[in-house]
Amino acid sequence: MANTGWDEFEIGAMLRTFDGGIDDIAGTKQEDRSYTQNSSYTASVADWRLVKPVYNKDYCIDCQFCWVYCPDVSIISRDKKMIGVDMDHCKGCGICVEVCPTNPKSLLMFSEQADEETEIASWPSKDKGEE
Amino acid sequence: MSEIKKIKNLKEFSTSADRFEGANLLCPGCAHSIIVREVLNATNDDLILAASTGCLEVCTAVYPYTSWDASWIHIGFENGSTAVAGAEAMYKALKTKGRLKQPERTPKFVAFGGDGASYDIGFQWISGCMERNHDMMYIVLDNEVYANTGGQRSSSTPIGSSATTTPAGSISYGETKNKKDMMGIMAAHHIPYAAQVSPNKWKDMVKKIQKGFATEGAVFINAVSPCTTEWKFDPKNTMHLADLATDSLVFPLYEVIDGREYNITYRPKNIIPVEEYLAAQGRFKHLFKDEYKYLIKEWQERVDANWAYLQRREEAKV
Ligand SMILES: Cc1ncc(C[n+]2csc(CCOP(=O)(O)OP(=O)(O)O)c2C)c(N)n1
Ligand code: SF4
Ligand code: SF4
Ligand code: SF4
Ligand SMILES: [Mg+2]
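Listed in order, the protein sequences are those of chains V and W. Quick note, the numbering used here runs 8 ahead of the 1-based positions in the first sequence. Quick note, the numbering used here runs 763 ahead of the 1-based positions in the second sequence.
Among the hints, a few may not be true.
SDA-like cross-link-like pairs, simulated, lysine to any residue; straight-line CA separation at most 25 Å [stated by the list, open to error]:
1) W/Lys999 / W/Lys855
2) W/Lys942 / W/Ile1034
3) W/Lys855 / W/Arg895
4) W/Lys864 / V/Leu23
5) W/Lys768 / V/Asp87
6) W/Lys769 / V/Leu58
7) W/Lys1032 / W/Lys864
8) V/Lys89 / W/Lys942
9) W/Lys774 / V/Glu39
On the chain V side, residues computed to face chain W include the following (Cβ under 7 Å) [claimed, not checked]:
10) Thr25
11) Gly28
12) Thr44
13) Ser48
14) Gln72
15) Val76
16) Lys88
17) Cys101
It is worth saying that the hints were derived from the structure and are not from the lab. All C-beta atoms in this analysis are idealised placements derived from N, C-alpha and C, irrespective of residue type, glycine included.
Extracted from the complex, chain W is given alone in its bound form:
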């Protein structure tokens, strides 16, 4: 295993030489690229990357341009995970046969996918990669919607969110189904490492990504990615939205080791009411009408229950 890059503080982190480029076509203020930069800059090792179809892929590989300064592959919507798993398996085989030209280099294998690609369409492919325990990291850019095709709901879309296929109106409050517990499902594969991250907490992110890179075997990361276009907020507020997500505990930051040991990695000093998180986004605007206000109360109860659950799992150490 290679040495872990030293990143004591933000000044030290800022000496990183980015391997992701601007003049891509992501919206101004898109969190996908903030997450990608934090991940890529967490290591100096070579990178073998893949992206499933979605905003990140579509906007960073517009022929004849690429925004990636590393080996990067895109095949289809469902198989960013298996593309990287295949490369990792080949790498291992060549290493065993002594056929690597530079066996001392220790590349990291990373696949990115949106929630549509991960929670829905590539679900079984990811499950296969996790079950086979490839030495790779799978990262979900979780903006809770099929953003690149105009905002259809996915199984990550939370209750009450207005999406183009679950629009809010006079007879509906939008999405009616619970967000899929992807972290729980991935942890249930008993992979060595799973974690939830958010770009506002860059240090927590870097720590977890480095831990993931140092782990032998499959790593699953769920990254909350506030989407200015589909969540409907001003692009300058992307980090504010990420703050609201982590500090309201709608997106608690924690890690799961070997599918059993839960560690909460961030406890907000001031827990913000979920109502504030909802109020900052156009996709939840209708919940503030009198007839739907009961949903805000239910939201808070769900978030409280999840936080209580995580704390009990952490204490139980089972």
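This is chain V alone, in the form it adopts within the complex:
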């Protein structure tokens, strides 16, 4: 169904998440799905963020804590490896940073305007203080 206004609801209309059928959704990764514009996957909440997570793969041990505890399906993990953050769906809550167990952390929050490469270049070193 087309993306119409809020008051143009067709009675009995069905919102379809995908174009055509996907027989095995649980076995189909997001990049292989043909989302319609009725799936919130095609929308963005990037403008909610004041702060954003930056990922530094140098320290990452692929534990997947960030993946399981991200409320917004915004940690992209493929083949048991963390690859990055989905910046269209991340709301900047900071949970991923809190649950990241490495020292220094492999994810840190910066202001939305911060430049990723600059922050990674000046990443804090190991914190020797109390954990």
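Take the given structure of chain V and dock chain W with the ligands to it, following the hints.
For chain W with the ligands alone, coordinates are given in the frame of chain V:
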């Protein structure tokens, strides 16, 4: 029955293809979606889902968007449970009549509801579903308040919590009534499986959800869902709050089989004082004033008594 999805460790779990989508309108750091993801990713089977009115429903079905990659229905506040029960009954009837196009598929029927929808407004509907023993799972997203309408108390709101309809102030310490023992009430329906879960203990959660899916008959799950907006804590601390909830034993993790056999599934190595759990949340801030400090002591006594009760039930096996 279908095969149970193999999830040995978190790396293996992370290969799941989510059927719940971002860019929903839940608050940053909302635990509802963490719980939903853990539940949905626990199986590869088809899902027939319902949600009662509440934050999860309102924020994931904002026309023209849906955040669900599975059959999903919302009717009203009180009847997420019966919506799924109806679908399950129809499915069974079609199966008996040999009219299913793909009878080899084994869909799972799941209804989600908030504590307001479950402990209060949909209470008799859930009771009916449990009593009729539909082959379905009912999951409470228990944030102990009517969050979506701005924080009114429900019968799940615990003593001393400041809610908009039981505000703390000079003549009141907030909610005065005990939290309803929903697990006990649901277990008393003698359903095959009931369990309390928390999103921080993802493995315990997945184990219980898979056990529930493998169970024939009605399953009740109570999931603690720390709410950054109504519990009043920084959104980055959602999992910290869940840790405090399970490790202070305010939300003990256990299961009840056939309404009789109690199994405690998580025993914290270091039990945290309830005071720490309370101190981490703005809704309990006033309890730290001198005149209300006795309530913190009473809180600890209630939690200790409940833990002792659960342990005795587990030992007794009756
Ligand atoms: C019959 C009915 N009464 C009241 C409402 C208004 N209402 C919508 S959501 C909501 C609060 C839901 O609280 P809860 O079930 O605890 O879910 P939460 O939002 O906390 O997740 C209320 C009162 C409604 N939609 N229908
Ligand atoms: S900041 Fe929050 S939404 Fe963004 S990736 Fe981290 S956990 Fe997910
Ligand atoms: S939590 Fe940290 S270490 Fe673990 S996968 Fe995520 S970024 Fe890597
Ligand atoms: S008010 Fe609470 S339950 Fe509702 S979306 Fe926000 S954090 Fe989640
Ligand atoms: Mg609620």
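Hints, one by one, checked against the model:
1. W/Lys999 / W/Lys855: Given pair W/Lys999, W/Lys855 is violated - Cα atoms ~44 Å apart, limit 25 Å.
2. W/Lys942 / W/Ile1034: 21 Å, holds
3. W/Lys855 / W/Arg895: 14 Å, holds
4. W/Lys864 / V/Leu23: 22 Å, holds
5. W/Lys768 / V/Asp87: Holds, at about 17 Å.
6. W/Lys769 / V/Leu58: 38 Å, violated
7. W/Lys1032 / W/Lys864: Distance ~51 Å between W/Lys1032 and W/Lys864 Cα, so the pair is violated.
8. V/Lys89 / W/Lys942: 42 Å, violated
9. W/Lys774 / V/Glu39: 20 Å, holds
10. Thr25: 5 Å, holds
11. Gly28: This hint is violated: V/Gly28 lies away from chain W, its Cβ roughly 14 Å from the closest one there, beyond 7 Å.
12. Thr44: 10 Å, violated
13. Ser48: 4 Å, holds
14. Gln72: Hint on V/Gln72: holds, closest Cβ of chain W at ~4 Å, below 7 Å.
15. Val76: 5 Å, holds
16. Lys88: Since chain W brings a Cβ to about 4 Å from V/Lys88, closer than 7 Å, the hint holds.
17. Cys101: 4 Å, holds
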